[in-house]
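Q: The lines below spell out each chain.
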Amino acid sequence: MSPVRIFIPGDAAALSVGADAVARAIRAEASRRGASVDIVRTGSRGMLWLEPLVEVEAAQGRIAYGPVSPHDVASLFDAGFLSGGAHPLAQGAVADLDWMRRQTRVTFARVGVIDPLSLDDYRAHGGLKGLERALAASGADIVEAVRASGLRGRGGAGFPTGIKWKTVLDAEALQKYVVCNADEGDSGTFADRMLMEGDPFLVIEGMAIAGLAVGATKGFVYIRSEYPHAFRAMCAAIDIARKAGVLGASVLGSGRAFDMEARLGAGAYICGEETSLLESLEGKRGVVRAKPPLPALQGLFGKPTIVNNVLSLAAVPSILAEGPQAYADYGVGRSRGTLPFQLGGNVKRGGLVELAFGATLRDLIDGFGGGTRSGRPVRAVQVGGPLGAYLPASQLDTPLDYEAFAAIGAMLGHGGIVVFDDSVDMAQQARFAFKFCAKESCGKCTPCRIGAVRGVETVDRIVAGVEREKNLGVLDDLNQLMTDGSLCAMGGLTPMPVMSALRHFPEDFRRASQRAAAE
Amino acid sequence: MPSKPDWNEGRAREIIGGLSALEGATLPILHALQDEFGFVDARATPLIAEALNLSRAEVHGAITFYHDFRSKPAGRRVIKLCRAEACQANGCEDLVTKLRARHGLDADSQDDERLTIETVYCLGNCALGPSALVDGELVGRLDADRLAGLCDGASAEKAQIVGGAA
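Residue numbers (numbering that gives the first Met the number 0), protein chains in the order written: chain U, 0 to 518; chain H, 0 to 165.
Bound-form chain U, shown alone (with noise of 0.2 Å):
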């Protein structure tokens, strides 16, 4: 009898509740019993609150069993799990249920399915194909499709991928680069990590397509080092990559040159702020760089460079793969395509919700997320990392696109959800964005240095009701400053949580003279 085969996380979430202890529990188990089983390490589907969440691949689909414990193997051996029986834990047939049915996995298609460092996987379910029409088309016809698609960067900026990529292709240079931004520092946001860990071939193709779509033969995948496993992960995706020829002086037999590496950042927020991940690339401090020049033109070493977070590169192996259109007929708008929306914080059944634009904020919070873990009402959400806003309940009914939330005032970045209970104090919300910045900010512009640490004391002699007309006067100035004089996104959004909690949330900035009024 050939052995069953389970399929349990390896991705760091689900490391993070004992999906390490239930993967040895299930060998100890099946060995006890002589059961023949055969365990793949996989990425996470994404259903974090379900994690660790073991899968068995039964007659009538793959089983999921979640969240299991070490404590619940035996039972779940007793129950006959490895046919796909019922149990307490059971979820049912993974492609059946209403939290992966509802969504459009495009760029998340592989992730929890395959084994992340099996490039035949990779290649039986798709993998590939774009970068094999890449090699067959010229770079102009590969940078055509891309900006044919719609594809906006998905880092948070939302710049058109195809006049980026266009910029560099015509560029004359020797030498050009291609650098995949994986410093994926807002809080809120883990779709970068969780596809480096659960696909991280994607990425590998995506930054090839690039490479040979503009003329560029080396690249770096930047990723911060709070992610280690994701670090480790695309070490040895490069590695394997190299060795089957997809990565290297001859790009699947072409003749075509293109190989990378991944390098590990250092603990700096800033550092996901292009220019300065540029420097930090070259061994620098990851100070900001004055824009123009343009890294498209003057990049890394001054050279011509793209720079691309990591969604927006693994977006583009099924865009030449399926064409152009097929990724543009998804969204609304000038919002075309996919985003892997992440919902954390607060919310009941947390995790990656890969949908087309236009969505509602609403459904992801309530219909995904089943409203708040704590079960008290939603107060605030903030949406796009910690330089995005903070929205009331009232605004859950706008539309997922860039140009809704830009509308609104807020942005989507990267595509973070982060939600509070009604416990929030939304006046220390606003204090920790500027804390924040001061404990990140680059240094290099005034506005943001200093800005930053006057913001906190600003706050701070509102709340204590200190001249506080006067001071919320110095708020406003101080943040249109900002806004206005900063030279990167850094200091010029933080003003943008700061003056959405004010504007929503002004009773939380006068607790202390109504503490006053009250005695």
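Rather than coming from a laboratory, the hints here were simulated on the basis of the structure.
Beta carbons are placed, not taken as given, at the ideal position from N, Cα and C, and that holds for glycine.
Be aware that a few hints might be false.
What the hints assert, rightly or not - Pulled a few chain U residues facing chain H out of the computed Cβ check, cut under 10 Å:
#1 G45
#2 L47
#3 R192
#4 Y268
#5 K283
#6 Y329
#7 R372
#8 N478
Stated by the list, open to error - In the DSS-like style, the derived pairs of lysine-lysine whose C-alpha atoms are separated by at most 25 Å in a straight line are:
#9 K290/U - K302/U
#10 K128/U - K217/U
#11 K290/U - K165/U
#12 K97/H - K434/U
#13 K347/U - K157/H
#14 K71/H - K283/U
#15 K97/H - K438/U
#16 K71/H - K438/U
What the hints assert, rightly or not - Have a look at the derived ranges for each label pair, beta carbon to beta carbon:
#17 S19/H - A392/U: 52 to 58 Å
#18 P505/U - G74/H: 41 to 47 Å
#19 N52/H - V465/U: 52 to 58 Å
Go by the hints and put chain H onto chain U.
A: Only chain H this time, still in chain U's reference frame:
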């Protein structure tokens, strides 16, 4: 964490020499030195500068810019506690307060031979917070008791399992 070897200039030169041909070699070298010795000894600065044809000021500038690089050894147990927004939404500041009140450990400054606690902003485990990286192992759904146990040297793997069963 296993104890790290004492400073050894020959070994440091070997590490630096092995990586100096990389494009932009500074960060890979600093990481490798810290992996080997547990921190970046000031005595490495001129060696790196010489190998990469940089000024000592440039190397010193790079070392001091990044939160990761330490100028002295860390504790035997290193806890990187996430205190960013998604973990705040799940009460990480309450954990910090309790750690201080009950155990006299200040997350921002606890750094001795036995235990280092560092604040980090986001470990990418935002749906299963509060989270910490404990000697390189990610632990999710932390509570005050398990965090206190980890500070006392409890196994990170056990702390993970309790989380899964919760």
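Q: For every hint, state whether the structure bears it out.
A: Results for each hint:
1. Taken as an interface hint, G45/U checks out: its beta carbon lies about 9 Å from the nearest beta carbon of chain H, inside 10 Å.
2. Proximity of L47/U to chain H holds as hinted, the smallest CB-CB distance being about 4 Å (cut-off 10 Å).
3. The restraint placing R192/U at the interface with chain H holds, with a minimum CB-CB distance near 4 Å, inside the 10 Å limit.
4. Proximity of Y268/U to chain H holds as hinted, the smallest CB-CB distance being about 6 Å (cut-off 10 Å).
5. Satisfaction of the interface hint for K283/U is found here, the shortest Cβ-Cβ separation to chain H being roughly 6 Å, below the 10 Å cut-off.
6. Among the interface hints, the one on Y329/U is violated; its C-beta lies about 24 Å from the nearest C-beta in chain H, farther than the 10 Å criterion.
7. The interface hint given for R372/U is met, as the beta carbon of that residue sits about 7 Å from the closest beta carbon of chain H, less than 10 Å.
8. Hint status for N478/U: violated, given a least beta-carbon distance of 19 Å to chain H, over 10 Å.
9. At roughly 15 Å between alpha-carbon atoms, K290/U and K302/U fall within 25 Å of each other, so this suggested pair holds.
10. Distance restraint check for K128/U and K217/U: the Cα-Cα separation of roughly 21 Å lies within the 25 Å cut-off, and the hinted pair is therefore satisfied.
11. Annotation: proposed proximity of K290/U to K165/U holds, straight-line Cα distance about 18 Å (limit 25 Å).
12. Straight-line distance between C-alpha atoms of K97/H and K434/U comes to about 22 Å, which keeps the hinted pair within the 25 Å bound.
13. A C-alpha spacing of about 24 Å is found between K347/U and K157/H, which places the hinted pair at or below 25 Å, so the restraint holds.
14. Annotation: proposed proximity of K71/H to K283/U holds, straight-line Cα distance about 21 Å (limit 25 Å).
15. Straight-line distance between C-alpha atoms of K97/H and K438/U comes to about 24 Å, which keeps the hinted pair within the 25 Å bound.
16. Distance check on the hinted pair: K71/H and K438/U sit about 21 Å apart at the alpha-carbon level, within 25 Å; holds.
17. At about 56 Å, the CB distance of S19/H to A392/U agrees with the hint of 52 to 58 Å.
18. Range check, P505/U to G74/H: about 44 Å between beta-carbon atoms, so the 41 to 47 Å window is met.
19. Separated by about 54 Å at the C-beta atoms, N52/H and V465/U satisfy the suggested range of 52 to 58 Å.
Consistency with the previously given hints fails for numbers 6 and 8, ordered from lowest to highest.
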